[in-house]
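Going line by line, the protein sequences match chains A and B.
According to this note's numbering, the first sequence is numbered sequentially starting from 1.
According to this note's numbering, the second sequence is numbered sequentially starting from 1.
Keep in mind that the hints were calculated from the coordinates and are not lab data.
Be careful, since some hints might not be right.
Listed below are the simulated EDC-like cross-link pairs for lysine to aspartate or glutamate, each with C-alpha atoms no more than 16 Å apart in a straight line [stated by the list, open to error]:
id, chain 1, residue 1, chain 2, residue 2
1, A, LYS55, B, ASP83
2, A, LYS13, B, ASP207
3, B, LYS211, B, GLU334
4, A, LYS13, B, GLU107
5, B, LYS55, A, ASP83
For reference, the chains in residue letters:
2 protein chains.
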Amino acid sequence: MSENVKQSKMVGKQSILFQNPPCIISAASIAGKKEGEGPLGSLFDVVCEDPLVGKNSWEEAESELMKQAAGKVLEKAGLKNTDIRYLVGGDLLGQLIATSFGIAELEIPLIGIYGACSTMGEAMSIGAMLVDGGYADKVLAITSSHFAGAEKQFRFPLDYGNQRPYSASWTVTGSGAVILADRNSNKKNSSEPNIVIKGITPGKIVDYGLKDSMNMGAAMAPAAFETIKQNFEDFGVQPSYYDKIITGDLGYVGKNILIDLLKEKNYDISSNHMDCGIEIFDKDSQDTHAGGSGCGCSAVTFTSYILKQLKERSWKRVLFIPTGALLSQVSFNEGKSVPGIAHAVIVEAE
Amino acid sequence: MSENVKQSKMVGKQSILFQNPPCIISAASIAGKKEGEGPLGSLFDVVCEDPLVGKNSWEEAESELMKQAAGKVLEKAGLKNTDIRYLVGGDLLGQLIATSFGIAELEIPLIGIYGACSTMGEAMSIGAMLVDGGYADKVLAITSSHFAGAEKQFRFPLDYGNQRPYSASWTVTGSGAVILADRNSNKKNSSEPNIVIKGITPGKIVDYGLKDSMNMGAAMAPAAFETIKQNFEDFGVQPSYYDKIITGDLGYVGKNILIDLLKEKNYDISSNHMDCGIEIFDKDSQDTHAGGSGCGCSAVTFTSYILKQLKERSWKRVLFIPTGALLSQVSFNEGKSVPGIAHAVIVEAE
């Protein structure tokens with residue numbers, strides 16, 4: 001019996017179905033000025049007008065965004081830091097310094113993760129396993145990114161005035177956080193559905209050999225393709241099973257590649273696909289080229305727009321697939337390719 | 001009932017006790033030349049004489065160490081890559097490039113983690129939860145570090161010829177890997193005990209404000225102290241409960257600080273404490289100053305010497321606490337402190 005119970009959580013080759021789907025009991029989004037001026041601007045909990053968020057460096061600014069997101073998600077849940085058993089989080093900076101300096105004061109045991117821009121998917125996946133598995137009553141999953149810090153880390157400092165090709169994306173300045181808890185412990189607002197994480201499909205590294213750090217959408221699209229295809233196969237479903245299939249930050253270039261790759265396998269997601277990187281900025285007026293990117297892109301879009309649609313029952317079931325490009329300044333300078341990874345999370349309004 | 005079962009896994013404030021303690025069914029250690037010449041040299045599966053491991057850069061060399069460790073741990077278990085459901089791993093390099101390029105070819109879904117030199121503790125902890133929770137039948141936990149890559153990443157390139165103070169540690173060149181599986185699935189060698197992960201205590205970030213990247217033992221000791229103290233309190237045990245209490249890479253400086261901090265709380269671990277960073281190099285002949293460090297330090301010591309003692313029943317129960325210093329080149333250059341983190345894993349021969 002115990003053996004049967006355990007087996008049933010593993011679905012297909014690489015997916016997991018939760019027996020006690022954890023509930024997202026709180027969510028918070030802190031965004032930068034440019035993000036605040038975009039189409040989702042009115043939905044963010046806080047928009048920081050100051051790009052340095054009152055700090056002295058881009059790295060400290062990003063830590064502050066994360067600190068504010070953690071504070072806000074606790075406040076909205078009516079919880080204290082001591083109510084959270086584990087924090088799962090990470091960011092884009094080398095050695096996760098935005099996270100380390102952003103959440104240290106909370107004194108919550110930390111599971112530090114790195115999945116590039118797929119980090120929110122990885123954080124929610126691990127957090128969901130911790131809650132469903134009975135290892136934690138409440139888990140905080142969080143990530144962040146900052147435009148200026150990411151440019152400095154991966155490409156050129158802003159002062160250099162480098163030109164951006166049209167395939168380049170714009171790293172979102174922002175931090176998104178959710179608190180996951182046992183479904184039964186949620187004192188839900190009676191008018192709203194419970195928002196639960198029903199299952200996950202952790203992704204593999206996929207490397208088609210692209211070497212252009214200014215075209216990350218193309219580098220990540222094959223990883224998104226593999227994870228989404230595997231999700232369909234593992235659960236035996238078609239694209240229409242989901243009201244929306246939402247990638248993290250493929251942007252305009254990557255979106256088309258993803259749709260084409262899936263079409264070759266007879267999966268047509270063209271009518272229900274959405275990309276956070278495309279939604280977060282206005283293509284015509286905001287000059288962000290291929291769209292938004294960064295850990296913060298999918299995180300703040302999820303914790304604002306996507307959750308709103310689920311809470312309003314406009315969507316009942318979404319497949320949320322944050323996508324990451326596993327490059328570093330060093331690997332890029334040494335002429336290595338840009339491998340991609342994508343972690344899928346099934347989120348339902350019930 | 002289901003509620004009771006779930007509650008019982010959470011122990012005290014931040015520990016977990018596994019109901020079906022996962023078994024370490026295979027382990028592998030790949031070490032560099034200097035490590036091979038040290039006291040544990042004869043216990044490593046492979047010693048690489050070439051510091052570049054046949055590659056063109058330190059980063060590629062580290063990826064190759066990890067690739068070899070993954071290959072060896074699979075080979076020793078008689079398993080293929082497709083037998084492993086998830087891989088949990090990370091390294092010290094920014095954006096985990098040693099891991100990304102080291103394990104991509106295995107095509108195993110990746111949970112990328114960063115815990116600085118505590119990474120092996122974090123990987124084994126997450127791996128154990130995946131197996132105990134029924135989310136995976138077999139998980140590969142892996143980490144690596146490389147002396148030259150770490151010096152380049154965190155301090156100065158070797159060519160610069162920087163002098164090393166006596167408080168500095170020597171980053172271990174090596175990679176260690178274990179495969180975790182359900183205890184019942186283990187076809188154990190009848191003469192050897194099962195080696196199981198009985199419980200874990202994930203650690204918090206602890207920052208006493210030290211800013212010296214050449215004295216990481218002192219920066220990490222407070223984190224080890226907090227995690228070990230919490231482990232004692234959560235499980236209601238005294239230091240003698242463990243045959244050995246084994247920190248990752250505190251070295252000579254950090255070891256004394258840890259023992260003193262615990263003594264102030266009336267815990268005396270002086271007789272059963274051991275530090276991987278002290279064991280791996282010979283103090284008199286190898287000129288490594290404070291001792292060994294790096295993700296690879298605790299990983300190769302665990303997968304060689306520590307597991308051997310457990311398999312021979314010289315020790316029956318150890319508390320393994322890899323310790324990490326959460327600095328980056330950027331945070332150090334910006335004058336930030338070096339926060340520490342430590343994740344404890346209870347390993348038993350049964």
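Right, here's what the structure says about each hint:
1. A distance of roughly 48 Å separates the Cα atoms of LYS55/A and ASP83/B; the hinted pair therefore is violated under the 16 Å criterion.
2. Taking the CA atoms of LYS13/A and ASP207/B, the gap is about 41 Å. The hint is violated against a cut of 16 Å.
3. At roughly 10 Å between alpha-carbon atoms, LYS211/B and GLU334/B fall within 16 Å of each other, so this suggested pair holds.
4. Between the alpha carbons of LYS13/A and GLU107/B the distance comes to roughly 12 Å, so the proposed pair stays at or under 16 Å and holds.
5. For the hint pairing LYS55/B with ASP83/A, the CA-to-CA distance comes to about 48 Å; that exceeds 16 Å, so the pair is violated.
Going down the numbered hints, you'll see the structure goes against 1, 2 and 5, while the others check out.
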